[in-house]
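Novice: Sequence:
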Amino acid sequence: MEEVVERFGRFQGSDRRPRLTQALVRYIQEVRNVGIAAAIIIDGSYVTMKAKPNDIDMILVLRHDAGLSLELTPVEYRVQSVRMVQRAYGFDILVAVANSRRYL
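In this text, residue positions in the sequence shown follow our numbering: the first is 1, and each later residue adds one.
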(Lines of atoms letter the chains of each structure in order from A; the text may use other names.)
(Lines give C-alpha, C1' and ligand atoms only; values in the text may rest on other atoms or scores of the structure.)
Protein backbone atom coordinates (compact mmCIF):
# COMPACT_ATOMS: atom_id res chain seq x y z
CA MET A 1 0.00 0.00 0.00
CA GLU A 2 2.89 2.36 0.72
CA GLU A 3 4.02 2.11 -2.89
CA VAL A 4 0.54 3.02 -4.17
CA VAL A 5 0.34 6.04 -1.85
CA GLU A 6 3.85 7.15 -2.77
CA ARG A 7 3.37 6.76 -6.51
CA PHE A 8 -0.25 7.80 -7.05
CA GLY A 9 -1.42 9.63 -3.93
CA ARG A 10 0.52 12.88 -4.11
CA PHE A 11 -0.99 16.34 -4.57
CA GLN A 12 -0.90 17.44 -8.23
CA GLY A 13 -2.58 20.83 -8.36
CA SER A 14 -5.82 19.48 -6.90
CA ASP A 15 -6.79 17.74 -3.69
CA ARG A 16 -8.71 15.11 -5.68
CA ARG A 17 -5.88 12.57 -5.78
CA PRO A 18 -5.04 12.81 -2.03
CA ARG A 19 -8.74 12.50 -1.15
CA LEU A 20 -9.09 9.39 -3.31
CA THR A 21 -5.96 7.99 -1.72
CA GLN A 22 -7.33 8.54 1.79
CA ALA A 23 -10.53 6.73 0.81
CA LEU A 24 -8.49 3.91 -0.74
CA VAL A 25 -6.45 3.45 2.44
CA ARG A 26 -9.67 3.29 4.51
CA TYR A 27 -11.25 0.79 2.11
CA ILE A 28 -8.21 -1.49 2.03
CA GLN A 29 -8.01 -1.44 5.82
CA GLU A 30 -11.66 -2.44 6.04
CA VAL A 31 -11.14 -5.25 3.52
CA ARG A 32 -8.10 -6.47 5.49
CA ASN A 33 -10.10 -6.44 8.73
CA VAL A 34 -12.79 -8.60 7.13
CA GLY A 35 -10.16 -11.06 5.86
CA ILE A 36 -11.90 -12.20 2.68
CA ALA A 37 -9.62 -10.75 -0.01
CA ALA A 38 -6.90 -12.56 -1.90
CA ALA A 39 -5.97 -9.38 -3.78
CA ILE A 40 -7.13 -5.93 -4.79
CA ILE A 41 -6.26 -4.79 -8.29
CA ILE A 42 -6.30 -1.01 -8.75
CA ASP A 43 -6.90 0.43 -12.22
CA GLY A 44 -8.44 3.35 -14.05
CA SER A 45 -7.46 7.01 -14.20
CA TYR A 46 -6.12 6.85 -10.63
CA VAL A 47 -3.10 4.81 -11.78
CA THR A 48 -2.27 7.29 -14.54
CA MET A 49 -0.56 10.63 -14.20
CA LYS A 50 -3.88 12.44 -14.66
CA ALA A 51 -3.94 15.34 -12.16
CA LYS A 52 -7.65 14.91 -11.35
CA PRO A 53 -8.62 11.24 -11.66
CA ASN A 54 -12.37 10.66 -11.76
CA ASP A 55 -12.38 7.74 -9.37
CA ILE A 56 -10.62 4.49 -8.62
CA ASP A 57 -11.53 1.37 -10.54
CA MET A 58 -10.66 -1.91 -8.89
CA ILE A 59 -11.16 -5.62 -8.80
CA LEU A 60 -11.72 -7.13 -5.37
CA VAL A 61 -10.48 -10.71 -5.62
CA LEU A 62 -12.03 -12.83 -2.91
CA ARG A 63 -10.20 -15.79 -1.42
CA HIS A 64 -11.37 -19.02 -3.01
CA ASP A 65 -12.54 -20.34 0.37
CA ALA A 66 -14.46 -17.12 1.07
CA GLY A 67 -16.32 -17.19 -2.26
CA LEU A 68 -19.48 -15.29 -3.04
CA SER A 69 -21.54 -16.35 -0.06
CA LEU A 70 -25.24 -15.67 0.13
CA GLU A 71 -24.91 -15.09 3.87
CA LEU A 72 -22.69 -12.09 4.52
CA THR A 73 -22.07 -10.10 7.64
CA PRO A 74 -22.88 -6.40 7.27
CA VAL A 75 -19.17 -5.55 6.99
CA GLU A 76 -18.55 -8.27 4.36
CA TYR A 77 -21.50 -6.91 2.39
CA ARG A 78 -20.28 -3.32 2.67
CA VAL A 79 -16.83 -4.09 1.19
CA GLN A 80 -18.09 -6.17 -1.73
CA SER A 81 -21.38 -4.54 -2.70
CA VAL A 82 -20.87 -2.52 -5.87
CA ARG A 83 -23.49 -0.01 -4.77
CA MET A 84 -22.23 0.32 -1.19
CA VAL A 85 -18.59 0.76 -2.25
CA GLN A 86 -19.60 3.38 -4.82
CA ARG A 87 -21.66 5.26 -2.26
CA ALA A 88 -19.16 5.07 0.62
CA TYR A 89 -15.89 5.46 -1.27
CA GLY A 90 -16.68 6.60 -4.80
CA PHE A 91 -14.97 3.56 -6.35
CA ASP A 92 -16.11 1.34 -9.19
CA ILE A 93 -15.47 -2.28 -8.28
CA LEU A 94 -15.80 -5.69 -9.81
CA VAL A 95 -15.84 -8.64 -7.43
CA ALA A 96 -14.34 -11.95 -8.51
CA VAL A 97 -13.36 -15.14 -6.71
CA ALA A 98 -9.73 -16.24 -7.00
CA ASN A 99 -9.24 -18.95 -9.63
CA SER A 100 -12.75 -18.46 -11.02
CA ARG A 101 -13.52 -17.91 -14.70
CA ARG A 102 -14.45 -14.31 -13.99
CA TYR A 103 -11.04 -13.66 -12.44
CA LEU A 104 -8.89 -15.62 -14.88
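Just so you know, these hints were derived from the structure itself, not from any lab.
Treat the hints with care, as some may be off.
[What the hints assert, rightly or not] Cut-off 20 Å, straight-line C-alpha distance, at most; resulting in silico cross-link-like pairs (EDC-like, lysine to aspartate or glutamate):
hint: 1; residue 1: K52; residue 2: D15
hint: 2; residue 1: K50; residue 2: E76
hint: 3; residue 1: K52; residue 2: D92
hint: 4; residue 1: K50; residue 2: D15
Bear in mind that the values here come from a model prediction, so they are computed numbers and not experimental data.
Novice: Hint by hint, note whether the structure agrees.
Specialist: Verification of the supplied hints:
no.	hint	verdict
1	K52 with D15	holds (8 Å)
2	K50 with E76	violated (32 Å)
3	K52 with D92	holds (16 Å)
4	K50 with D15	holds (13 Å)
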